[in-house]
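Visitor: Take a look at the letters that make up each chain.
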Amino acid sequence: MASFAVYFVLNTVFVLAVSPLFMGLIKIVKAQMQGRRGPPLLQIYFNLLKLFKKERVVSLNSSFITLISPYINIIFILAASLCVPLVFIPAANYGFGNVILFLYLMVMAKFFMALGGLDAGSSFGGMGSSREMTISAIFEPVVIIVVSALVFVLNTFNIHQMFATTLGSSVLTNATLFLTAAALFIILITETSRVPVDNPETHLELTMVHEAMILESSGPNLALMELSHAIKSTLLMALLINILVPWGLAASVTPLNLLIGMLTFLLKGSILAIFMAVFESVMAKSRLFGLRTFFILAFALAFVTIVFELLV
Amino acid sequence: MDNEKKIPANLLLNKICQDYFTRAEPNEFYLPVSEEAFAELIPQLPKFETLLISLFCVENFAGSTGFTLFYVLEKRRAQNFVILLRRLNGNEASSIAEYFPSAGWFEREIRDGFGIEFTNSVDKRRLFLHEGYPHDFHPLLKSFKNRDITENRKSMSGAGKYLFKEVKGSGVYQILVGPVHAGIIEPGHFHFSVIGETIFNLEVRLFYKHRGLEKLAEGKTPAEAIIVAETISGDESAANTVAYCLAVEKIAQGSVPERAGYLRTILLEMERIYSHLGDLAGMNVDIAFPVGASDFFVLREEILRFNETLTGSRFLKGLICPGGLKRDIDSRDLFKLYSYLDSFLRRLRRAADYVLHNESVIDRLDTTGVIKKELVQPLNITGPAARASGVGIDNRIDHPYGIYPFFELAIRTQEKGDVHSRFDVKLSEIQDSVEIIQKSVSALKSGSVLDPISLKDGYGLAVVESARGQNLHWVYIKNGLIERYKVRTASFCNWQSIEHAVIGNIVPDFPLINKSLNLSYAGTDL
Numbered sequence: 001m002a003s004f005a006v007y008f009v010l011n012t013v014f015v016l017a018v019s020p021l022f023m024g025l026i027k028i029v030k031a032q033m034q035g036r037r038g039p040p041l042l043q044i045y046f047n048l049l050k051l052f053k054k055e056r057v058v059s060l061n062s063s064f065i066t067l068i069s070p071y072i073n074i075i076f077i078l079a080a081s082l083c084v085p086l087v088f089i090p091a092a093n094y095g096f097g098n099v100i101l102f103l104y105l106m107v108m109a110k111f112f113m114a115l116g117g118l119d120a121g122s123s124f125g126g127m128g129s130s131r132e133m134t135i136s137a138i139f140e141p142v143v144i145i146v147v148s149a150l151v152f153v154l155n156t157f158n159i160h161q162m163f164a165t166t167l168g169s170s171v172l173t174n175a176t177l178f179l180t181a182a183a184l185f186i187i188l189i190t191e192t193s194r195v196p197v198d199n200p201e202t203h204l205e206l207t208m209v210h211e212a213m214i215l216e217s218s219g220p221n222l223a224l225m226e227l228s229h230a231i232k233s234t235l236l237m238a239l240l241i242n243i244l245v246p247w248g249l250a251a252s253v254t255p256l257n258l259l260i261g262m263l264t265f266l267l268k269g270s271i272l273a274i275f276m277a278v279f280e281s282v283m284a285k286s287r288l289f290g291l292r293t294f295f296i297l298a299f300a301l302a303f304v305t306i307v308f309e310l311l312v
Numbered sequence: 313m314d315n316e317k318k319i320p321a322n323l324l325l326n327k328i329c330q331d332y333f334t335r336a337e338p339n340e341f342y343l344p345v346s347e348e349a350f351a352e353l354i355p356q357l358p359k360f361e362t363l364l365i366s367l368f369c370v371e372n373f374a375g376s377t378g379f380t381l382f383y384v385l386e387k388r389r390a391q392n393f394v395i396l397l398r399r400l401n402g403n404e405a406s407s408i409a410e411y412f413p414s415a416g417w418f419e420r421e422i423r424d425g426f427g428i429e430f431t432n433s434v435d436k437r438r439l440f441l442h443e444g445y446p447h448d449f450h451p452l453l454k455s456f457k458n459r460d461i462t463e464n465r466k467s468m469s470g471a472g473k474y475l476f477k478e479v480k481g482s483g484v485y486q487i488l489v490g491p492v493h494a495g496i497i498e499p500g501h502f503h504f505s506v507i508g509e510t511i512f513n514l515e516v517r518l519f520y521k522h523r524g525l526e527k528l529a530e531g532k533t534p535a536e537a538i539i540v541a542e543t544i545s546g547d548e549s550a551a552n553t554v555a556y557c558l559a560v561e562k563i564a565q566g567s568v569p570e571r572a573g574y575l576r577t578i579l580l581e582m583e584r585i586y587s588h589l590g591d592l593a594g595m596n597v598d599i600a601f602p603v604g605a606s607d608f609f610v611l612r613e614e615i616l617r618f619n620e621t622l623t624g625s626r627f628l629k630g631l632i633c634p635g636g637l638k639r640d641i642d643s644r645d646l647f648k649l650y651s652y653l654d655s656f657l658r659r660l661r662r663a664a665d666y667v668l669h670n671e672s673v674i675d676r677l678d679t680t681g682v683i684k685k686e687l688v689q690p691l692n693i694t695g696p697a698a699r700a701s702g703v704g705i706d707n708r709i710d711h712p713y714g715i716y717p718f719f720e721l722a723i724r725t726q727e728k729g730d731v732h733s734r735f736d737v738k739l740s741e742i743q744d745s746v747e748i749i750q751k752s753v754s755a756l757k758s759g760s761v762l763d764p765i766s767l768k769d770g771y772g773l774a775v776v777e778s779a780r781g782q783n784l785h786w787v788y789i790k791n792g793l794i795e796r797y798k799v800r801t802a803s804f805c806n807w808q809s810i811e812h813a814v815i816g817n818i819v820p821d822f823p824l825i826n827k828s829l830n831l832s833y834a835g836t837d838l
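Top to bottom, those sequences are chains A and B. Under our numbering, think of the first position of the first sequence as 1, with each following residue one higher. Under our numbering, think of the first position of the second sequence as 313, with each following residue one higher.
If you're looking for bench data, these hints aren't it; they were derived computationally from the structure. All values derive from a computational prediction rather than experimental measurement. Every residue, glycine too, gets a C-beta built ideally from N, C-alpha and C. Fair warning: there could be bad hints in the mix.
Said to hold, decoys possible - Here are some chain B residues the structure puts well away from chain A; computed CB gaps all over 12 angstroms:
#1 N596
#2 R661
#3 E671
#4 R676
#5 K827
Claimed, not checked - Chain A side only, calculated, beta carbon under 7 angstroms to chain B, not exhaustive:
#6 Q32
#7 Q34
#8 E205
#9 L288
Claimed, not checked - Computed spacing ranges between beta-carbons, pair by pair:
#10 I507(B) / I138(A): 25 to 31 angstroms
#11 K685(B) / A300(A): 37 to 43 angstroms
#12 G121(A) / R523(B): 51 to 57 angstroms
#13 K53(A) / R523(B): 55 to 61 angstroms
#14 E361(B) / L297(A): 47 to 53 angstroms
#15 S59(A) / E361(B): 51 to 57 angstroms
#16 R661(B) / P39(A): 30 to 36 angstroms
#17 A300(A) / I507(B): 28 to 34 angstroms
Produce the entire structure from the sequences given, and follow the hints as far as they go.
Guide: Here it is as structure tokens:
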């Protein structure tokens with residue numbers, strides 16, 4: 001119980017603290033790729049602080065949904081964050097860690113974000129929500145298959161136990177994990193609205209997906225939406241990292257282990273963030289209806305994993 | 313000016329198509345026609361590859377009282393323009409939009425400016441005056457004086473609601489975008505009717521930044537009005553100023569020194585280069601490929617800095633004037649430009665190779681936003697947009713001006729009319745422009761750059777190929793002052809093409825299609 005309490009506090013604080021960092025890093029690397037200098041690494045923290053201090057401007061057409069949806073959204077995301085150990089694996093997890101629970105906590109968060117987008121009644125919010133839900137509906141079977149592949153390979157539904165398994169063995173014993181990791185990367189890109197699925201930096205309201213939903217948000221509401229988006233991104237990154245390269249993840253709670261756990265995660269997360277930024281920079285956004293090719297790739301990778309596991 | 317009122321319409325038609333368009337002199341042929349001849353003539357004209365490139369109104373033209381409508385006609389591969397003069401009794405006229413769809417916007421513009429009603433017109437909505445203006449407000453009438461109109465705002469009744477053409481039915485919904493956008497761009501309202509993401513209809517509403525430039529020019533001396541021409545569209549200032557000066561020089565029968573002719577050409581081509589570079593970069597930004605865009609942005613910035621070195625203005629303002637140029641350009645700077653352009657070309661090709669070898673980019677550009685070749689003539693689509701649809705028109709060749717006749721110019725065309733074609737056309741045109749500039753620098757001899765003109769009264773038409781296409785300027789000077797100044801930029805024509813180009817495309821592709829056409833809002837809304 002004590003272990004879980006420590007985990008509860010530490011994991012939540014850590015994910016809140018580091019998530020904006022990776023976002024900032026991606027921004028810098030993308031800027032460098034374009035020959036620009038990019039914002040300072042910590043700029044995104046200052047932006048969030050600024051937004052928290054600003055007033056909330058709300059459309060006259062909006063209801064209480066606009067006011068509460070950012071809070072509900074971040075609560076669901078933080079709850080989901082308990083399913084993914086970033087630094088150490090607690091001894092007991094009290095049901096947190098179930099991969100299905102994890103997925104649908106994130107879907108709930110997304111649902112409230114989409115609802116918030118619709119609520120203001122502007123055409124862009126509705127368009128963004130509609131696109132986000134369309135993509136989600138198409139993408140959900142893919143996510144389920146990828147998760148099934150993970151469950152097949154690691155023989156557990158619990159993310160905590162998955163990490164414990166990968167930590168205890170070499171990735172080479174489960175070589176199919178490489179395939180699943182590639183599929184997880186596609187999930188990461190899609191769920192965090194990055195190129196080629198969406199363009200996080202666009203000002204063109206007609207092309208937006210995620211940005212259109214939060215176009216009407218302002219002040220603390222916008223800060224919460226952006227923070228929850230950053231956390232979601234970090235969670236999916238952690239899932240990928242700790243499945244493929246879990247080294248450094250602490251299995252027991254000692255200050256040294258925790259420190260090593262944090263530093264190694266920061267390092268691995270930064271490398272992944274740089275990779276994401278490069279990946280995003282070398283291609284254009286796909287056509288909205290061309291996305292299925294990208295999704296099918298994840299589906300195929302996961303499917304092959306399952307077939308291999310069944311054959312072995 | 314011949315008086316052709318007595319000639320029957322079919323004979324007139326023959327004369328127009330066989331003679332007036334191709335006659336050696338003059339370059340513009342004014343032809344007064346009677347109402348009856350006009351009514352018989354107009355339905356015949358579109359069959360002879362004739363286009364209506366402009367239609368404007370002049371009040372109290374050449375001693376007459378009342379309104380005269382000027383129908384400016386162009387014929388493909390013919391050097392001359394034929395301008396039909398239609399004198400109106402009163403303020404009513406019949407619409408010709410049925411035969412020349414491009415007349416639609418012109419007629420609405422005239423209705424707003426002069427209060428002339430086009431009786432059988434299908435679209436009687438306002439164009440540049442929005443609903444806030446009262447019914448009898450017609451700023452281009454001579455009786456209207458430029459003044460502060462805020463005092464009248466309270467009493468303005470407004471003209472009711474502007475009705476958009478909407479596709480209705482189950483599953484169809486409307487997306488209203490603008491005039492205020494999420495980014496820092498010019499104002500325009502876009503009214504989409506869509507099913508899912510597929511666009512079934514788009515209607516564009518512009519004219520949110522009307523500055524009254526045509527009215528502003530009236531009463532100014534030709535020298536004073538240069539600044540009006542420069543202001544029409546910030547990134548077309550060289551083209552518009554040259555067109556204005558050409559018209560004034562034509563009226564004054566003045567000439568431009570050879571050196572000034574070459575220097576003007578260099579400026580015009582510099583403008584084309586930076587404009588096209590902005591488009592190539594912009595298309596990459598709009599498909600979320602900023603890495604591909606950055607090389608074009610860097611090149612564009614370098615060209616803009618060269619503009620500043622050459623002229624003192626990044627957007628080439630303040631140098632061109634009737635009779636030549638106000639100042640000479642230092643030859644050392646021009647030689648620097650010459651050698652810079654060599655490395656510029658290499659880097660341009662490298663940047664283009666990088667972008668065009670990326671499969672995800674090609675996938676976005678291909679088949680997106682097709683403008684059909686058949687639309688080019690009726691809508692009078694001009695410039696790179698027309699060339700990308702397989703219509704080889706270029707005013708530098710079709711109606712040569714300045715020193716362009718000394719060059720062997722090629723027209724770059726593509727067949728498919730999609731965004732990719734427009735990308736390719738603009739890319740090749742940049743390379744052609746570099747060649748023209750380098751040849752001009754080589755051919756440049758020292759000499760004066762200004763041949764002061766002696767002002768005369770009269771009127772004249774000039775067309776210039778700006779980066780966006782044909783810009784048409786008509787200047788009427790009376791008693792040494794500008795009596796009427798009509799400008800029709802390429803954007804005014806090409807804006808109407810986007811409503812057709814987007815049909816069947818999906819909403820997220822609209823910004824890309826828009827960028828590939830590079831339409832100026834300010835240039836449309838004088």
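Visitor: Could you run down the list of hints and mark each one as holding or not?
Guide: Verification of the supplied hints:
| no. | hint | in the structure |
| --- | --- | --- |
| 1 | N596 | violated, 7 angstroms |
| 2 | R661 | holds, 18 angstroms |
| 3 | E671 | violated, 8 angstroms |
| 4 | R676 | violated, 5 angstroms |
| 5 | K827 | violated, 9 angstroms |
| 6 | Q32 | violated, 10 angstroms |
| 7 | Q34 | holds, 4 angstroms |
| 8 | E205 | holds, 5 angstroms |
| 9 | L288 | holds, 5 angstroms |
| 10 | I507(B) / I138(A): 25 to 31 angstroms | violated, 18 angstroms |
| 11 | K685(B) / A300(A): 37 to 43 angstroms | holds, 41 angstroms |
| 12 | G121(A) / R523(B): 51 to 57 angstroms | violated, 34 angstroms |
| 13 | K53(A) / R523(B): 55 to 61 angstroms | violated, 40 angstroms |
| 14 | E361(B) / L297(A): 47 to 53 angstroms | holds, 51 angstroms |
| 15 | S59(A) / E361(B): 51 to 57 angstroms | holds, 53 angstroms |
| 16 | R661(B) / P39(A): 30 to 36 angstroms | holds, 32 angstroms |
| 17 | A300(A) / I507(B): 28 to 34 angstroms | holds, 31 angstroms |
Against the hints set out earlier in the document, violations occur for numbers 1, 3, 4, 5, 6, 10, 12 and 13.
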